[in-house]
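Each protein sequence line maps, in turn, to chains A and B.
Residue 131 in my numbering is what sits at position 131 of the first sequence, and the numbering runs on without skipping anything.
Residue 144 in my numbering is what sits at position 144 of the second sequence, and the numbering runs on without skipping anything.
Since the hints were made in silico from the structure, they are not lab data.
Cβ atoms here follow ideal geometry from the backbone N, Cα and C, with glycine treated the same way.
Any given hint might turn out to be false.
List time: in silico DSSO-like cross-link candidates among lysine-lysine, alpha-carbon distance up to 30 Å [stated by the list, open to error]:
id, chain 1, residue 1, chain 2, residue 2
1, B, Lys72, A, Lys72
2, A, Lys12, B, Lys12
3, A, Lys118, A, Lys130
4, B, Lys130, B, Lys118
5, A, Lys72, B, Lys62
6, A, Lys118, A, Lys72
7, B, Lys72, B, Lys62
8, B, Lys72, A, Lys62
9, B, Lys118, A, Lys118
10, B, Lys66, B, Lys130
11, B, Lys66, A, Lys72
12, B, Lys66, A, Lys118
13, B, Lys12, B, Lys62
14, B, Lys66, B, Lys12
15, B, Lys130, A, Lys12
16, A, Lys66, B, Lys72
17, A, Lys72, A, Lys62
18, B, Lys118, A, Lys66
19, B, Lys72, A, Lys130
20, B, Lys66, A, Lys130
21, B, Lys130, A, Lys62
22, A, Lys66, A, Lys12
23, A, Lys130, B, Lys118
24, A, Lys72, B, Lys12
25, A, Lys66, A, Lys130
26, B, Lys62, A, Lys130
Pairwise CB distance ranges, derived in the manner of DEER restraints [to be verified]:
id, chain 1, residue 1, chain 2, residue 2, range
27, B, Gly25, A, Lys66, 39 to 49 Å
28, A, Gln103, B, Asp69, 38 to 48 Å
29, A, Asp53, B, Asp69, 40 to 50 Å
30, A, Met1, B, Asp54, 37 to 47 Å
31, A, Arg156, B, Lys66, 13 to 23 Å
32, B, Arg111, A, Glu145, 22 to 32 Å
33, A, Ile102, B, Ala95, 20 to 30 Å
34, A, Arg55, B, Arg109, 24 to 34 Å
35, A, Asp53, B, Asp54, 22 to 32 Å
36, A, Asp69, B, Asp127, 42 to 52 Å
37, B, Val115, A, Lys66, 20 to 30 Å
38, B, Arg129, A, Glu145, 37 to 47 Å
Number of protein chains: 2
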Amino acid sequence: MEHVISCLVENKSGVLSRVAGLFSGRGYNIDTLCVAPTQDANVSRMTIVCRGDDRIIEQIIKQLNKLIDVIKVTDMTAEEHVERELVLIKVACTAATRADIIQLVNVFRARIIDVDLKTLTVEVVGDSRKVEALIELMRSFGIRELVRTGRVAILRG
Amino acid sequence: MEHVISCLVENKSGVLSRVAGLFSGRGYNIDTLCVAPTQDANVSRMTIVCRGDDRIIEQIIKQLNKLIDVIKVTDMTAEEHVERELVLIKVACTAATRADIIQLVNVFRARIIDVDLKTLTVEVVGDSRKVEALIELMRSFGIRELVRTGRVAILRG
């Protein structure tokens, strides 16, 4: 099953490699990861998305909790939460296809953030389903570059 | 100086801890990090934002290039590029302040993605200056939770 783990850590050098080591030590790959400061500059949040056996993920969460620089770990999967991801897509375009692409971008409430003669760069935010749907549509025009942040999550209410 | 490093890597277990180790081994902290797949599911992109001595960052980039699972490293700082970050802000609100908050959210072209009696959750996308400005404004109402993806970057044109 897929898990979204939100992990508050001390904003210190070395924490990231210790956390990453817990996953790689079990041969577990992280699908996406976001690390950034919180409202307290001394505390960073890691949002980790990974798939795997529930029992093993539970073990990893226990190990995370034992790390000295880890403040709090929440498995968001079990909680009511909102997920979002930001994706930048550089898509090939010609004079003939530009209007079609712009129309699709508008349907998705996405934004065009850069244009030149041969490409459009699109910024889209949403849950996985929405961003994957736009990426699929853009594939038919030719994706030149795809930059994703990975998913973040926040508890409801 | 601040550097934004975009790093294409094989999507394999263990790569992240090796990359993180290069930074922590020098006592260098990563400010923000995004890791997610690209249009090729076998290849992930890491976007690393860090500050430090240019000479040492240059050394780190050389070391990154030597890692077997690293495909390509670009220091975006030297190139024409667009940066974006996604931030979710859960802000305290009352019947008296709700309208003020919504007004500010609209000015920033941000979106409200969750509401309850005591909080509003806001989604905002932009460059550092824009998102920092909204975070500062929201601080006066009381930030309950702040979830940032960290910055991603894409080359222009």
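Results of checking the hints against the structure:
no. : hint                                 : verdict
1   : Lys72(B) with Lys72(A)               : 34 Å, violated
2   : Lys12(A) with Lys12(B)               : 25 Å, holds
3   : Lys118(A) with Lys130(A)             : 25 Å, holds
4   : Lys130(B) with Lys118(B)             : 25 Å, holds
5   : Lys72(A) with Lys62(B)               : 35 Å, violated
6   : Lys118(A) with Lys72(A)              : 47 Å, violated
7   : Lys72(B) with Lys62(B)               : 11 Å, holds
8   : Lys72(B) with Lys62(A)               : 35 Å, violated
9   : Lys118(B) with Lys118(A)             : 48 Å, violated
10  : Lys66(B) with Lys130(B)              : 36 Å, violated
11  : Lys66(B) with Lys72(A)               : 35 Å, violated
12  : Lys66(B) with Lys118(A)              : 33 Å, violated
13  : Lys12(B) with Lys62(B)               : 21 Å, holds
14  : Lys66(B) with Lys12(B)               : 16 Å, holds
15  : Lys130(B) with Lys12(A)              : 26 Å, holds
16  : Lys66(A) with Lys72(B)               : 35 Å, violated
17  : Lys72(A) with Lys62(A)               : 11 Å, holds
18  : Lys118(B) with Lys66(A)              : 33 Å, violated
19  : Lys72(B) with Lys130(A)              : 29 Å, holds
20  : Lys66(B) with Lys130(A)              : 37 Å, violated
21  : Lys130(B) with Lys62(A)              : 37 Å, violated
22  : Lys66(A) with Lys12(A)               : 16 Å, holds
23  : Lys130(A) with Lys118(B)             : 28 Å, holds
24  : Lys72(A) with Lys12(B)               : 27 Å, holds
25  : Lys66(A) with Lys130(A)              : 36 Å, violated
26  : Lys62(B) with Lys130(A)              : 37 Å, violated
27  : Gly25(B) with Lys66(A): 39 to 49 Å   : 23 Å, violated
28  : Gln103(A) with Asp69(B): 38 to 48 Å  : 39 Å, holds
29  : Asp53(A) with Asp69(B): 40 to 50 Å   : 24 Å, violated
30  : Met1(A) with Asp54(B): 37 to 47 Å    : 44 Å, holds
31  : Arg156(A) with Lys66(B): 13 to 23 Å  : 45 Å, violated
32  : Arg111(B) with Glu145(A): 22 to 32 Å : 25 Å, holds
33  : Ile102(A) with Ala95(B): 20 to 30 Å  : 41 Å, violated
34  : Arg55(A) with Arg109(B): 24 to 34 Å  : 44 Å, violated
35  : Asp53(A) with Asp54(B): 22 to 32 Å   : 44 Å, violated
36  : Asp69(A) with Asp127(B): 42 to 52 Å  : 30 Å, violated
37  : Val115(B) with Lys66(A): 20 to 30 Å  : 37 Å, violated
38  : Arg129(B) with Glu145(A): 37 to 47 Å : 24 Å, violated
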